[in-house]
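Chemist: Sequence:
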Amino acid sequence: MAGVSNDWVLATHNSGKTRELQDLFAKLPVRLISAKHLELPEPEETGTTFEANAELKAIAAAQATGLVAIADDSGVAVHALGGEPGIHTARWAGEGRDFDIARRRVAARLRELGDGVSRRATYVSVLCVAWPDGRARTFRGESLGTLVWPIRGELGAGFEPMFLPDGFAVTYGEMTPEQRRRVNARAAAMRRLEEALFGPPALTAGS
Numbered sequence: 492m493a494g495v496s497n498d499w500v501l502a503t504h505n506s507g508k509t510r511e512l513q514d515l516f517a518k519l520p521v522r523l524i525s526a527k528h529l530e531l532p533e534p535e536e537t538g539t540t541f542e543a544n545a546e547l548k549a550i551a552a553a554q555a556t557g558l559v560a561i562a563d564d565s566g567v568a569v570h571a572l573g574g575e576p577g578i579h580t581a582r583w584a585g586e587g588r589d590f591d592i593a594r595r596r597v598a599a600r601l602r603e604l605g606d607g608v609s610r611r612a613t614y615v616s617v618l619c620v621a622w623p624d625g626r627a628r629t630f631r632g633e634s635l636g637t638l639v640w641p642i643r644g645e646l647g648a649g650f651e652p653m654f655l656p657d658g659f660a661v662t663y664g665e666m667t668p669e670q671r672r673r674v675n676a677r678a679a680a681m682r683r684l685e686e687a688l689f690g691p692p693a694l695t696a697g698s
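The sequence shown begins at 492 in this note's numbering and counts up one residue at a time.
Keep in mind that the hints were calculated from the coordinates and are not lab data. Any given hint could be a false lead.
Unchecked claim - Here are the simulated SDA-like cross-link-like pairs (lysine to any residue), alpha carbons at most 20 Å apart as the crow flies:
id: 1; residue 1: K508; residue 2: P534
id: 2; residue 1: K518; residue 2: P534
id: 3; residue 1: K508; residue 2: H579
id: 4; residue 1: K508; residue 2: P691
id: 5; residue 1: K527; residue 2: A648
id: 6; residue 1: K527; residue 2: D498
id: 7; residue 1: K508; residue 2: R610
id: 8; residue 1: K518; residue 2: E685
id: 9; residue 1: K518; residue 2: G658
id: 10; residue 1: K527; residue 2: R588
id: 11; residue 1: K508; residue 2: R631
id: 12; residue 1: K518; residue 2: A648
id: 13; residue 1: K518; residue 2: T613
id: 14; residue 1: K508; residue 2: M666
id: 15; residue 1: K508; residue 2: E633
id: 16; residue 1: K518; residue 2: D498
id: 17; residue 1: K518; residue 2: P691
id: 18; residue 1: K508; residue 2: D624
id: 19; residue 1: K527; residue 2: N497
Could you build the full structure based on these sequences and the hints that come with them?
Modeler: Laid out in structure tokens, this is it:
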């Protein structure tokens with residue numbers, strides 16, 4: 492696929508996710524057109540895994556447009572809560588998708604479990620690329636870390652201001668978008684997608 496210019500549908504109505512994925516794709520021969528821009532409906536996320544939800548969104552967009560489509564399904568899995576919120580991350584935010592509510596609910600649940608409870612969590616992002624003929628491939632990225640409370644930083648969305656990734660002294664909410672795009676779960680999934688579909692990145696001189 493390298494060297495070929497394509498229009499792909501980005502199966503999301505989330506403006507923040509659109510900006511991040513457009514930036515991640517900036518160096519690739521692909522132009523992303525958002526489902527919101529095309530006024531595509533949002534399919535109901537009925538899958539039981541991140542992979543299933545990403546796949547159903549990507550396939551729906553590909554079949555509706557006749558173009559290659561990409562979708563993301565992501566969330567934070569809290570170990571002490573049996574993996575919740577997980578694929579139900581958005582539901583914890585309520586009908587208004589208020590993630591302040593979701594973060595407070597998680598913090599309250601962890602307090603109920605006692606002072607010694609583990610606050611370890613995994614951020615998961617699954618990217619799915621689907622073709623109009625029904626083929627689809629998924630790519631999973633993960634980031635391990637610890638949840639902090641109160642939240643730290645105003646630069647991230649969702650649970651990012653609550654998530655302190657391993658090896659860092661700042662949360663995703665305290666990182667600039669450029670920093671976050673290099674180290675978060677979506678970036679890890681994107682590296683797998685890029686290598687699988689576009690080949691390994693070319694080595695620069697002296698590397």
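Chemist: Just pull the numbers of the violated hints for me, sorted ascending.
Modeler: 2, 4, 7, 9, 12, 13, 18
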